[in-house]
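Visitor: Protein sequence lines correspond, in order, to chains A and B.
Residues in the first sequence are numbered from 1 upward in steps of one, following UniProt numbering.
Residues in the second sequence are numbered from 1 upward in steps of one, following UniProt numbering.
For the record, the hints were derived by calculation from the structure and aren't laboratory data.
Built from N, CA and C at the ideal position, the CB exists for glycine as well.
Treat the hints with care, since some could be wrong.
Per label pair, the in silico range of CB-to-CB distance [stated by the list, open to error]:
id, chain 1, residue 1, chain 2, residue 2, range
1, B, LYS193, A, ASP226, 43 to 51 Å
2, B, ASP212, A, ALA237, 42 to 50 Å
3, B, ASP341, A, HIS234, 19 to 27 Å
Among the chain B residues that face chain A by a calculated CB cut under 10 Å, a handful are [unchecked claim]:
id, residue
4, SER17
5, HIS74
6, LYS79
7, VAL87
8, LYS90
9, LEU99
10, SER157
11, ILE159
12, ASN160
13, LEU261
14, GLY289
15, VAL290
16, LYS293
2 protein chains.
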Amino acid sequence: MKRKITLKQIARELDVSISTVSKALRNSPEISADTKQKVQAFAKLYNYRPNNIALSLKNRKTNTIGIIIPEIVHHFFSKVIRGVELVANKRGYNVIIGLSNESFSKEVINMEMLANGSIDGFILSISKETLQLQDYHHFNETMSQGMPIVMFDRVVSDINCDKVIVNDFGGAKSAVEKLITNGCKSIALITTKDYVSVGKLRTQGYMDALNDAGFELESELILKLDDKLDYEVHLDALENEIEHLFKSNKSVDGVFAVNELYALSAMKVARKLGLEIPKDIQVIGFTDGVLSKHSTPSLTTVSQHAQVMGEKAADLLINRLETEHNENEDETYQTVVIETDLIERKSTK
Amino acid sequence: MKRKITLKQIARELDVSISTVSKALRNSPEISADTKQKVQAFAKLYNYRPNNIALSLKNRKTNTIGIIIPEIVHHFFSKVIRGVELVANKRGYNVIIGLSNESFSKEVINMEMLANGSIDGFILSISKETLQLQDYHHFNETMSQGMPIVMFDRVVSDINCDKVIVNDFGGAKSAVEKLITNGCKSIALITTKDYVSVGKLRTQGYMDALNDAGFELESELILKLDDKLDYEVHLDALENEIEHLFKSNKSVDGVFAVNELYALSAMKVARKLGLEIPKDIQVIGFTDGVLSKHSTPSLTTVSQHAQVMGEKAADLLINRLETEHNENEDETYQTVVIETDLIERKSTK
Chain A
1 MKRKITLKQI
11 ARELDVSIST
21 VSKALRNSPE
31 ISADTKQKVQ
41 AFAKLYNYRP
51 NNIALSLKNR
61 KTNTIGIIIP
71 EIVHHFFSKV
81 IRGVELVANK
91 RGYNVIIGLS
101 NESFSKEVIN
111 MEMLANGSID
121 GFILSISKET
131 LQLQDYHHFN
141 ETMSQGMPIV
151 MFDRVVSDIN
161 CDKVIVNDFG
171 GAKSAVEKLI
181 TNGCKSIALI
191 TTKDYVSVGK
201 LRTQGYMDAL
211 NDAGFELESE
221 LILKLDDKLD
231 YEVHLDALEN
241 EIEHLFKSNK
251 SVDGVFAVNE
261 LYALSAMKVA
271 RKLGLEIPKD
281 IQVIGFTDGV
291 LSKHSTPSLT
301 TVSQHAQVMG
311 EKAADLLINR
321 LETEHNENED
331 ETYQTVVIET
341 DLIERKSTK
Chain B
1 MKRKITLKQI
11 ARELDVSIST
21 VSKALRNSPE
31 ISADTKQKVQ
41 AFAKLYNYRP
51 NNIALSLKNR
61 KTNTIGIIIP
71 EIVHHFFSKV
81 IRGVELVANK
91 RGYNVIIGLS
101 NESFSKEVIN
111 MEMLANGSID
121 GFILSISKET
131 LQLQDYHHFN
141 ETMSQGMPIV
151 MFDRVVSDIN
161 CDKVIVNDFG
171 GAKSAVEKLI
181 TNGCKSIALI
191 TTKDYVSVGK
201 LRTQGYMDAL
211 NDAGFELESE
221 LILKLDDKLD
231 YEVHLDALEN
241 EIEHLFKSNK
251 SVDGVFAVNE
261 LYALSAMKVA
271 RKLGLEIPKD
281 IQVIGFTDGV
291 LSKHSTPSLT
301 TVSQHAQVMG
311 EKAADLLINR
321 LETEHNENED
331 ETYQTVVIET
341 DLIERKSTK
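Build out the structure end to end from the sequences listed, making use of the hints.
Guide: Pasting the structure below:
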């Protein structure tokens, strides 16, 4: 793919400021006819498409961070936003939020809208549809125009930017190790299909823990649910799937679920089948949700420290915004891995 | 308070278009020197403060709605946003969200930021601090500059705009009537201090139901909590308050709580004191939360239909944005009252 020429590059080539290029392209009366002609000819020659991001970007610093999240009715994302707000406000930045609703086109539209002069940079988590399509052009274009992006939780290795992720693999592994230590002999996994990276990593953590302990991997103990179905609405469908899992595998005495709703539903189904928790079956979830501590029994979970993720993402973005970038150096990016904690409650021995 | 002159009024006085006034004030080369002089002199004479809202507003329609909510980690507000998104997207609008974090100054800053050319109108719920200060100038100024506001849930009668509210009074009253019908003789209320209008109305609904049934109002049965304390963090403090209420009033056999967390904590404390739910004590909450249906026992609640509120608010705002306003007519505003439903679960007989 041919790289698009940027304002920055035009400015460098013609030895004028970025602001001059921007103004010349908008035909500003502030710029001499001679310079305008030169800039416009150069831009045309290199197929420069005037981009609102770049045009507005250099005009003003907004001191505002744009967040794009896939879903609003989700405690994890709410907590991340709280973390971003905390650090942003402390460091003199505002925050505005756009939603992709797990849709690729909404993600693109919302990024364009916010990038259009409203914000200095993005903190975002990729929508499921984008991950499925593997189309990341909007992220790369935004960054090539000089607007930094920090990604959190749902990230992909194809994109070069600062990232904040949870140790999904390690968190899942330690949860399953806990079940093994507690005496479980037959441990089921309730997870999502693999296209969301975090689901995949948690599944790998489960398998690695079993492998290390010398357990045989039984594929019938792994329930992969299609999380495009909103199970909060279709709770019955979720419970039926889990009931089928338990009935087909009567020996199951441990469950690791990759989210809170799956874990709570597993407990509900287990109780319905006459199993006592944690005596007959032990359950661990993966979440920072509110349900875990209020459920009966309260749920042992892997805590992701969502608020810390948000704080860290905000620091990474603001540091980048406030550091003068040297044109001749390649950018170097960081990936910050937030370690998980196992919060033990009453659903495990 | 002297009313600020608006772009609209300057345009009318000088018999030019709003766009001309806006451009003249920004010293645009498109406007003749003569007109510029006239507009600028007039604006100076009437102390016109150029306001970014008005300047940018007439330049373009953004087809974007700005939402300002007091708190992000809150299922009710998330559901309202989902409703706004649903209708907005159907009608060709985007949505961006700003948070006040219950702070007056953050509310003002976020409104200014979004009004600055990013959006066409606001949907918002007032912060607690603003309600306490009773300072509503930022709402009135925004509207006087031609940017419409629709308020939901937390509204005040001092402000003339479209509103969407829950029937908090009626919802609370019917909940308490349910407890009375179910045989409760001593009904406690767990509520917030009165400065948030919805808390006040729910308290009035409680009192009205008791009064209608010929019950005597006992002030020691009303627990008013300071909701500036984050009880999700300070759960112990909340439970201690409720334990004190129950221990000082051993006859209590019914509880109406104005939110989900208070209701769940009441159930937890009751169980701890050896009371059976619903045999010894019946509990009803007020919420659209996720905890109610997953708690043990599941909680009977007053459903606010948060998503419907969001849908209705979006329709009101977009209708107003898409209706040509006649200069000579006064605006007429609507208040839409969403009726509640009592969702019966296992915490009542």
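Visitor: Are the hints correct? Go through all of them and say.
Guide: Now the hints, each set against the structure:
no.: 1; hint: B:LYS193 - A:ASP226: 43 to 51 Å; result: 46 Å, holds
no.: 2; hint: B:ASP212 - A:ALA237: 42 to 50 Å; result: 43 Å, holds
no.: 3; hint: B:ASP341 - A:HIS234: 19 to 27 Å; result: 21 Å, holds
no.: 4; hint: SER17; result: 22 Å, violated
no.: 5; hint: HIS74; result: 8 Å, holds
no.: 6; hint: LYS79; result: 6 Å, holds
no.: 7; hint: VAL87; result: 13 Å, violated
no.: 8; hint: LYS90; result: 13 Å, violated
no.: 9; hint: LEU99; result: 6 Å, holds
no.: 10; hint: SER157; result: 29 Å, violated
no.: 11; hint: ILE159; result: 23 Å, violated
no.: 12; hint: ASN160; result: 27 Å, violated
no.: 13; hint: LEU261; result: 9 Å, holds
no.: 14; hint: GLY289; result: 8 Å, holds
no.: 15; hint: VAL290; result: 6 Å, holds
no.: 16; hint: LYS293; result: 8 Å, holds
Hint compliance for this structure: hints 4, 7, 8, 10, 11, 12 are broken, all remaining hints hold.
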